[in-house]
Amino acid sequence: MKTQAIYDQNPEATDLLSRTWRSPPGFFGWFTHVNQSRIGYRFIVTSVIFFALAGVLALVMRLQLISPENTLLGADFYNQLFTMHGTTMMFFFAVPAMEGLGIYLVPLMIGTRDMSFPRLNAFGYYVYLIAGISLYVALFMGMAPAAGWFSYVPLANIAFSPGKGMDLWTTMITFIEISALAAAVELIVTILKQRAPGMTLNRMPLFVWSILVMSFMILFAMPTVMAGSVLLALDRAFDMQFFVAAGGGDALLWQHLFWFFGHPEVYIIMVPALGIVSTVITTFTQKPVFGYTALVLSLVATGFVSFGLWVHHMFTTGLPHLGLSFFTAASAMIAIPSGIQIFCWIASLWGARIRFATPMLFVLGFFAIFVIGGLTGVMVASIPFDSQVHDSYFVVAHFHYVLIGGAVFPFFAGLYYWYPKMTGRLMSERLGRWSFALIFAGTNLTFFPMHQLGLQGMPRRVYTYLSDMGWGELNFAITIAAFILAIGFLLTLINAVVSRTRGVAAGNNPWQAETLEWATTSPPQNYNFRHLPIVHSRTPLWDEPDSSHRQVVAGLRADRRELLITTLLEAKPQSVLIMPHPSVWPFLLALAVGFGFLGFMFQPLLFVAGFALSFFMIVGWLWPRKPWLDTGET
Amino acid sequence: MRQKNRNSASFISTARRAWPDGCALTACCLWSGVTEAQRSASQSALQPASTQAQGIELLWWIMLWSGVVIFLAVMALLIWALWSGRQRESPLSLTASKNLVLTAGVAIPALTLVILVGGSLFLGRSVASAPPPDAMQVRITGWMWWWEIEYLDSAGNITATTANEMHVPVGRPVAVELASGDVIHSFWVPQLQGKTDMVPGKVNSSWFVATEAGEYRGQCAEFCGLQHALMAFVVVARPEAEFDAWLAHQAEPAAAPVTAATQQGRDVFEQSCGHCHRVRGTDATGNIGPDLTHIASRRTLAAATLVNNRGHLAGWIGDPQRIKPGNAMPRSLLTPQELHNLLTYLETLE
Amino acid sequence: MCPAETTRLNFAVDATHFSRFHSGSDAPIWWGIIGLILIEMSVVAAFVISYFYLVMINPSWPPIGHPASELLWPTASVVILLMSCVTMYLASKAINRDRITAFVTHTSISVVLACAVLVIRWQQFQTFDFRWDEHVYGSLVWTISGFHFLHVVSAAIGTAVVATLGALKFFNSKQRIAIVVDTMYWNFVGLAWIPFYLVLYIVPRLT
Ligand code: HEA
Ligand code: HEA
Ligand code: CUA
Ligand SMILES: [Cu+2]
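As given, the protein sequences belong to chains A, B and C, one line each in that order. In terms of my numbering, the first sequence opens at residue 1 and continues consecutively. In terms of my numbering, the second sequence opens at residue 1 and continues consecutively. In terms of my numbering, the third sequence opens at residue 1 and continues consecutively.
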């Protein structure tokens with residue numbers, strides 16, 4: 001024990017460890033990276049880029065709607081724009097952004113060195129990237145999908161959308177789901193099996209809980225939309241009849257399949273955001289959040305109930321009223337876990353000495369905006385009322401309030417909060433405050449009037465409207481406001497880019513937070529922690545501010561990638577896991593899968609070729625390593 | 001009644017201004033939006049003209065005000081919470097926190113929700129119930145991007161066919177049967193009734209009782225492709241006697257042309273347009289486009305996109321693709337003389 | 001890091017002698033495969049539920065003119081797949097006792113059984129008297145059959161690779177996690193045929 005300990009602290013051992021965990025440099029090296037911090041970072045940056053792209057599409061859309069009978073854009077291009085805006089925001093921004101935070105932060109928060117399946121992680125990223133790039137290439141070629149983000153059939157079927165755009169949509173949705181599923185499995189296993197010794201389930205940070213719940217929701221929700229989009233692809237490619245009424249199929253089947261995923265999807269986006277809110281509140285009040293158990297149970301309850309709500313998106317399809325009522329009740333029920341969380345946070349804020357830094361401001365903004373969106377959500381859950389506002393701008397207002405309030409605000413709070421951890425520098429507070437003010441005002445100015453428009457009868461997804469409808473002035477105001485909002489977002493993006501080089505050095509723990517990610521350097525080393533930490537409470541860093549007194553793990557080898565496996569509930573140390581090296585196989589596999597799926601759009605047989613290619617890549621990837629075999633030790 | 005609508009409309013703007021985040025600018029633009037809506041009285045769910053739409057409007061006001069109260073209460077609590085720590089730390093005790101969460105986070109919401117769900121189920125039952133047996137039957141089929149409207153007699157036979165314009169008697173229930181010929185559309189006349197989708201392979205239904213004579217605009221609410229934005233129609237509610245006369249007239253075949261110009265116009269129509277459009281009483285029997293037997297009696301053209309007058313009609317026939325790009329009607333290659341005769345003929349189709 | 005400081009580090013757990021090999025539920029990959037199986041089960045469930053949904057909205061099932069398929073060969077597939085699960089089980093037993101030859105034999109038998117199923121299924125595809133684009137019944141039967149066919153192919157190839165690696169002495173009683181997870185996946189693929197068998201071959205006889 002003694003000698004081992006001394007070896008562990010030896011600077012040479014530290015060097016060796018650093019080399020062991022290093023990601024290969026250079027352009028070609030880039031394609032082999034597997035470390036969770038690299039992949040998580042990529043997820044975050046890429047998703048923010050998609051956010052900016054989709055935001056710009058929204059601005060172009062707003063320009064078209066600025067006045068009645070505007071001829072800036074054609075109908076077809078407008079339809080592509082909102083389809084791409086919705087698809088990008090939901091699939092390529094919101095979910096990957098949350099996954100990215102999870103991938104980056106979870107291993108740090110639970111005190112381990114990497115995720116369970118680093119190569120799968122990398123694979124998930126490339127698949128995501130390929131899917132996103134393909135869609136945007138299509139958009140620039142003017143052949144993007146144009147049937148809305150939920151692609152209702154028969155419109156999305158081959159008879160009414162003959163182009164390649166829809167094929168691309170079904171394929172890329174399958175793709176992005178593969179990526180999300182990979183991340184979900186990965187996060188679940190990492191959280192369950194790699195927590196620091198002593199981090200029992202009920203000592204897990206709330207953010208980690210929220211990521212766990214999100215991952216389980218992904219696991220059960222995404223397969224249905226994958227199945228659905230495969231069926232749609234088969235309908236399109238082989239004239240199958242799943243959604244064709246004349247052939248015994250049914251158009252509503254698609255809606256069931258889509259929304260059975262689509263509703264949980266919106267909570268998949270929101271649940272991690274709630275985790276961020278809890279984290280930020282804890283840190284900026286400098287005391288544990290009130291109602292840890294209640295918060296965890298609310299997250300879990302939200303996850304469960306969200307699978308019983310999907311039909312509230314189908315209230316006007318003519319299903320029997322009695323059956324629909326169940327979904328009204330369930331939708332209303334979900335307000336209760338939300339309410340519990342809101343009031344737990346208010347109780348935590350009560351009388352605390354709060355530091356009003358930018359992350360905290362975004363959290364306060366979240367309160368106002370999310371509650372408005374939640375309340376309109378409860379309103380649209382009422383069947384008669386929804387029959388008026390469904391598919392109108394009222395719903396557009398509802399979901400931007402919840403999505404921006406419930407996901408983008410917390411995400412930005414998280415960005416400001418963890419930026420110093422990821423880059424070693426703080427973001428500018430001044431710019432941050434300006435950005436917050438503009439975003440807060442901009443969101444309300446842009447989306448609040450949409451409630452009114454919806455009640456005045458403006459349907460969504462219209463590329464134009466007649467001048468005697470009387471919607472012109474509100475739309476004009478909305479468009480102006482959208483630009484205010486955009487400037488707000490732009491300021492944060494500028495802030496993030498500029499602070500990379502100009503920001504104030506952060507140190508390990510600039511916010512005096514309590515969770516483990518702040519115990520290591522900013523940015524973390526390749527190996528995350530020089531010695532894996534051991535925890536005894538929910539607030540390890542507050543218990544023992546002096547890092548040299550904290551208990552740590554000894555005995556992990558420095559010459560190969562090793563990390564500790566602990567038990568599921570109690571997090572008792574169990575065994576050591578040897579992790580794979582950087583590898584190019586995940587990238588090649590993603591290419592092969594991409595080839596198969598994209599090829600399928602043009603020639604179904606290419607799918608088989610892709611399948612065969614993938615097989616080689618998988619074998620290459622999983623080939624057992626001889627050295628591991630040779631070290632014949634216990 | 002008009003007066004009442006106006007009241008409710010300004011009511012909303014006051015209500016809206018009460019939302020604390022609706023800062024001055026929002027309130028201003030909301031205000032202007034409202035006045036605008038009053039002028040054209042077009043498609044607003046807040047100016048109901050049927051029993052059904054009125055019920056829903058009432059529900060909305062109740063929900064809006066409960067929403068405002070809840071929102072203000074939550075914000076007040078939040079601000080109080082933030083305020084109370086300004087001087088020195090004074091956190092809530094554990095019991096106080098628990099009580100806060102249990103009352104404000106569980107009990108009050110649960111109660112509100114029970115009331116809300118109960119209320120909307122009750123209302124929903126009456127809105128969605130089966131129409132009374134004496135209701136007038138109308139079958140509406142959605143096409144990309146126009147509406148086919150067929151009146152049925154009590155035996156279910158078609159008595160009259162029209163398009164993009166529906167007339168209903170005031171005070172008598174109207175039951176609509178909703179179908180689709182291609183993709184999903186949604187039948188929505190906000191002033192009369194909430195929307196119901198038209199799903200291929202399925203026949204949905206809805207009903208309403210118009211309580212006031214007037215014209216109400218409806219618009220397709222489910223995204224149905226390129227020209228979803230320009231798929232609207234007009235509902236004209238009028239006293240029963242006027243309505244009956246209208247219906248009897250619509251059931252008649254087209255007037256036979258009397259002048260030479262209109263006769264030539266009819267020939268042009270039969271030749272160039274007849275395989276898509278029908279004019280009952282002529283050789284034009286197409287069923288790809290709207291029935292034009294009484295086109296001159298209609299208020300609008302091309303699914304309520306244009307006001308029906310000679311100029312617009314000429315423009316539409318000359319180049320429908322400029323007005324509604326992508327719609328199924330091709331440009332026609334007619335000589336000016338032919339066009340002239342055609343228009344003159346169409347104008348006689350009262 | 002100066003030596004004086006380092007000695008103060010508080011090492012409370014020493015992992016030096018912890019096992020580096022995992023064969024059961026302490027291995028992350030074991031959980032990973034459980035995750036994969038859960039995902040696939042959700043897909044299977046989505047197919048089966050869609051099937052019943054379509055049965056419900058269609059007045060006659062199978063559509064008139066298409067009698068339900070005969071049972072013999074599909075039932076044989078069920079039996080063979082169940083047998084292959086047994087041989088896979090025996091293979092795992094063998095590797096637990098470091099009996100490489102027995103291991104290779106049993107995995108090879110499993111692969112052969114899977115191939116037999118593939119041949120039977122292929123034969124069945126020829127005998128379907130309906131096309132996939134005629135009616136949703138045909139679409140379902142072809143899609144579900146195809147879906148399962150692809151899975152049997154992947155499981156067979158995967159296990160063939162495992163058998164080869166076994167023959168090359170890559171595995172022993174300690175290093176056998178690859179076999180554990182391959183077996184788990186195999187069992188999933190084998191058992192997934194049962195619900196499919198029920199909906200494709202039994203349900204049409206009941207409606
Ligand atoms: C992050 C995303 C998110 C979130 C969190 C929510 C939250 C909710 N949503 Fe929303 N929703 C969307 C994203 C989201 N939604 C999207 C994207 C769509 C449209 C998709 C499309 O058509 O394109 C949609 C559409 C949508 C519809 C369909 C509308 C239609 O198409 O006609 C419905 C209907 O029931 C609905 C309901 C709800 C409800 C009841 C909640 C609840 O969870 C809200 C709960 C929260 C609160 C209620 C506030 C906090 C609670 C309190 C302060 C306690 C006191 C409260 C009371 C007493 C009520 N949503
Ligand atoms: C997380 C989800 C999310 C977010 C954040 C947003 C953000 C915005 N959305 Fe949207 N939206 C959806 C999800 C989202 N949306 C969905 C799901 C739909 C439904 C689609 C469908 O019907 O199918 C929809 C639909 C939708 C519509 C309705 C279209 C229609 O029905 O016809 C409108 C109209 O105004 C709109 C507007 C906006 C605006 C102005 C923003 C603004 O908040 C955007 C502001 C952000 C930016 C402007 C980017 C900031 C960055 C920069 C400015 C940097 C500049 C970049 C460079 C220099 C490179 N959105
Ligand atoms: Cu028809 Cu939209
Ligand atoms: Cu929903």
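Keep in mind the hints are simulated off the structure, nothing from the lab. The beta-carbon is built from N, C-alpha and C at its ideal position, and this holds for glycine as well. There may be inaccurate statements among the hints.
Unchecked claim - Here are a few chain A residues that sit away from chain B, every Cβ distance over 10 Å (derived from the structure): (1) G29; (2) F140; (3) G142; (4) L192; (5) L466.
Stated by the list, open to error - When the alpha-carbon atoms are kept at most 30 Å apart in a straight line, the in silico DSS-like pairs for lysine-lysine are as follows: (6) A/K164 <-> A/K572; (7) C/K169 <-> C/K93; (8) A/K287 <-> B/K202; (9) C/K169 <-> A/K572; (10) B/K202 <-> A/K164.
Hints, verified against the model:
1. Chain B leaves A/G29 outside its interface by the beta-carbon criterion, the shortest separation being 46 Å against a cut-off of 10 Å.
2. For A/F140, the condition that its CB be more than 10 Å from all CB atoms of chain B holds, with the nearest at approximately 20 Å.
3. The Cβ of A/G142 lies farther than 10 Å from every Cβ of chain B, with a closest approach of about 14 Å, so its non-interface assignment holds.
4. At roughly 29 Å from the closest C-beta of chain B, the C-beta of A/L192 stays outside 10 Å, upholding its exclusion from the interface.
5. Consistency note on A/L466: stated as away from chain B, yet its beta-carbon is not over 10 Å from all of that chain's, at 7 Å minimum.
6. A threshold of 30 Å between alpha carbons decides the hint, and for A/K164 with A/K572 the separation of about 53 Å lies outside it, so the pair is violated.
7. A hinted pair counts as satisfied when its Cα atoms are at most 30 Å apart, and C/K169 with C/K93 qualifies at roughly 16 Å.
8. Straight-line distance between C-alpha atoms of A/K287 and B/K202 comes to about 58 Å, which puts the hinted pair past the 30 Å bound.
9. For the suggested pair C/K169 and A/K572, the alpha carbons sit about 33 Å apart, so the restraint of at most 30 Å is broken.
10. Our distance criterion of 30 Å between C-alpha atoms is met by B/K202 and A/K164, whose separation comes to about 29 Å.
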